[in-house]
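Chains C and X, in that order, are what the protein sequence lines are. Quick note: the first sequence uses my numbering, first residue 1, plus one each step. Quick note: the second sequence uses my numbering, first residue 1001, plus one each step.
Among these hints, one or two may not hold up.
Said to hold, decoys possible - In silico BS3-like cross-links for lysine-lysine, where the CA-CA straight-line distance does not exceed 30 Å:
#, chain 1, residue 1, chain 2, residue 2
1, X, Lys-1098, C, Lys-256
2, C, Lys-234, X, Lys-1011
3, C, Lys-11, X, Lys-1233
4, X, Lys-1011, C, Lys-193
5, X, Lys-1098, C, Lys-136
6, X, Lys-1252, X, Lys-1283
7, X, Lys-1150, C, Lys-98
8, C, Lys-118, X, Lys-1136
9, C, Lys-256, C, Lys-150
What the hints contain is simulated information worked out from the structure, not anything from laboratory work. Fair warning: this is a prediction, and the values are worked out from it, not measured in the lab.
2 protein chains.
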Amino acid sequence: MSGQNHSRDLKGPFLYHIGSADENWNLLSNPNHSGKALRSALCLYAFHALNDYWEKALPAAIAIELLHNFSLIHDDIQDHDTERRHRRTLWTIIGEPKALLTGSAMHSIAYLNLFYLKDRGINEEKVLLASQLLFKTSLDMIKGQVLDLKFEQSIQINRNQYLEMIDFKTSSLISCSLAVGALLGTDHKPIIKAFAQYGLHLGRVFQLKDDILGIWGQSRVTGKSESNDILRKKKSFPIICALEACTPKDRKVLSKIYEKQTLGQQDLDVVMEVLEANQSKGKTEEFIEFEALSAIEQLNLIHIDGWALKDGKDLVDFLVNRDY
Amino acid sequence: MSGQNHSRDLKGPFLYHIGSADENWNLLSNPNHSGKALRSALCLYAFHALNDYWEKALPAAIAIELLHNFSLIHDDIQDHDTERRHRRTLWTIIGEPKALLTGSAMHSIAYLNLFYLKDRGINEEKVLLASQLLFKTSLDMIKGQVLDLKFEQSIQINRNQYLEMIDFKTSSLISCSLAVGALLGTDHKPIIKAFAQYGLHLGRVFQLKDDILGIWGQSRVTGKSESNDILRKKKSFPIICALEACTPKDRKVLSKIYEKQTLGQQDLDVVMEVLEANQSKGKTEEFIEFEALSAIEQLNLIHIDGWALKDGKDLVDFLVNRDY
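With the rest of the complex left out, here is chain C:
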């Protein structure tokens, strides 16, 4: 079938979303809206920690980065978010139907990239295992989204339920990135498992730090939506901590606020006070510290070169201390 031309209709939006083109689909000579590329870097890191030539795992890293970006396009549509990475979200430019299609195309292209692993000498069994892992992770991410939608309508969420949700929604892909890199690099299952576990804890550190920044960070720095997570009624970890510990009276106050359609500055102030009174920020930071230690513990189980061990630990430190 011909029709290479038609891919143009989605190519512009595709390149815009991953930060390589502007709103008129012109290529940017100096792309700077691509995101952190954390997940693809982790895939290459795990592979390189076990092998000399990291380039061999590049198709998997691309697949993972595209899978992540596909989920962001669809998330933005679902949440009606208007800003990401300091720019307008895709659906606000081309409308929901076409943004939906761009996302789905990116999903398929992600997987098509995996087949290039074969050209780089990865055997078919491993390519299949890697793609199977990615599909399962896709499903986990969707489960996380479903839980997230469910939690929006409730304040009866405890810490464990929240952690389960972010494990599906966020940590699963971070863990999968490392597991795929390791899987391509070794046949030794305990090593693959340790990388996967390192990723799960890393994912929690990442998400809980995001939760802190979403309330106490500067939106100009994070480049996320203009408004604070509280104004967006996101029940993130610090909120859950407050709900678990606060007085029945404060619980009623929060409950009333979260029943409102939209929140204002006054609501924000009240919620911030309850968070303060219950040391929510401190408790979240404590939990991040605990997850950071668990991540490093897993890393210590793997016998890797000094540079790889140091890089893996530095990343944990970076995620704990970042302010954007």
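Assemble the complex: chain C is given as a structure, and chain X must be docked to it using the hints.
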């Protein structure tokens, strides 16, 4: 990761869409809203035409049927269609965000089914080839959707452009179903190609007959949206035939009608008159006949058993003559 319970949230909607459950997610003892299952049947047919045990290709047939159903869930959201297979569409029951997620989950589950081919003795190389073909087809279907969205805003579409659109949107998956079945059943490339070509022509027959039924068929029988394709401003093949052949005056009339936001009975009558005056139905039927012959020509290139040849030809006849 645990969380099997959470899949329940999508399992009901999933089973509802494929016709196995009712609106309360209760399993139906006698499912009768599952659609024709044409594509999965074609996959099994091609495999069985070349092999004894059709059960071996079953995971691929399931993958194909789910891929098709995934695209229907997302299509219904995009087009805001409210009825499919005599029932409410999924998004009207659970809302757009959750329907979107159900579709994406189905997409991933489709591909996960392919891995079961390994357990049935299909080698890894073929599993990879089959999944590669399915991904490419996913992309083709999206290209078709994009063209379809584009054509909605224009009456400057000629027959070839329309055929290209339906080749992407509809014929590609029908062709892929046969190609995957053949690919799993033989190493002989010309046979795989002939099945794929048979599928392309079959897809055109299928879609153009759909176009006729969408205007002249009874909606009660087809189970599609209540309204006629004309009222939905769908520029299907008969409309394109009329636009190509009609007087400049009639072209202006049509153009005016298609600029309207919504069409009424009077517009419908006018369009029907123009279609009549330009023998649009007859021209479409002629083209279907031509495509049917081309399909059978491809079938004759393959040396298959008498029953398979007869079944393949009977299917063409059935698609040409169906009235639902």
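30 Å Cα cutoff - pair X/Lys-1252, X/Lys-1283: 22 Å, holds
Agreement of X/Lys-1011 and C/Lys-193 with the hint, judged by alpha carbon distance not exceeding 30 Å: 29 Å, holds
Satisfaction of hint between C/Lys-98 and X/Lys-1150, Cα-Cα up to 30 Å: 10 Å, holds
30 Å limit on alpha-carbon distance, applied to hinted pair C/Lys-256 and C/Lys-150: Distance of about 18 Å is within 30 Å: holds.
C/Lys-118 paired with X/Lys-1136 [C-alpha distance capped at 30 Å]: Status holds; Cα separation ~17 Å.
30 Å Cα cutoff - pair X/Lys-1098, C/Lys-136: Given pair X/Lys-1098, C/Lys-136 holds - Cα atoms ~19 Å apart, limit 30 Å.
Given pair status - X/Lys-1011, C/Lys-234, alpha carbons within 30 Å: 26 Å, holds
Restraint check for C/Lys-11 with X/Lys-1233, where alpha carbons must lie at most 30 Å apart: OK: C/Lys-11 and X/Lys-1233 at ~28 Å, within 30 Å.
Pair hint X/Lys-1098 and C/Lys-256, alpha-carbon separation not exceeding 30 Å: Since the Cα atoms of X/Lys-1098 and C/Lys-256 sit roughly 26 Å apart, the hinted pair holds (cutoff 30 Å).
In this structure, none of the earlier numbered hints is contradicted; all agree with it.
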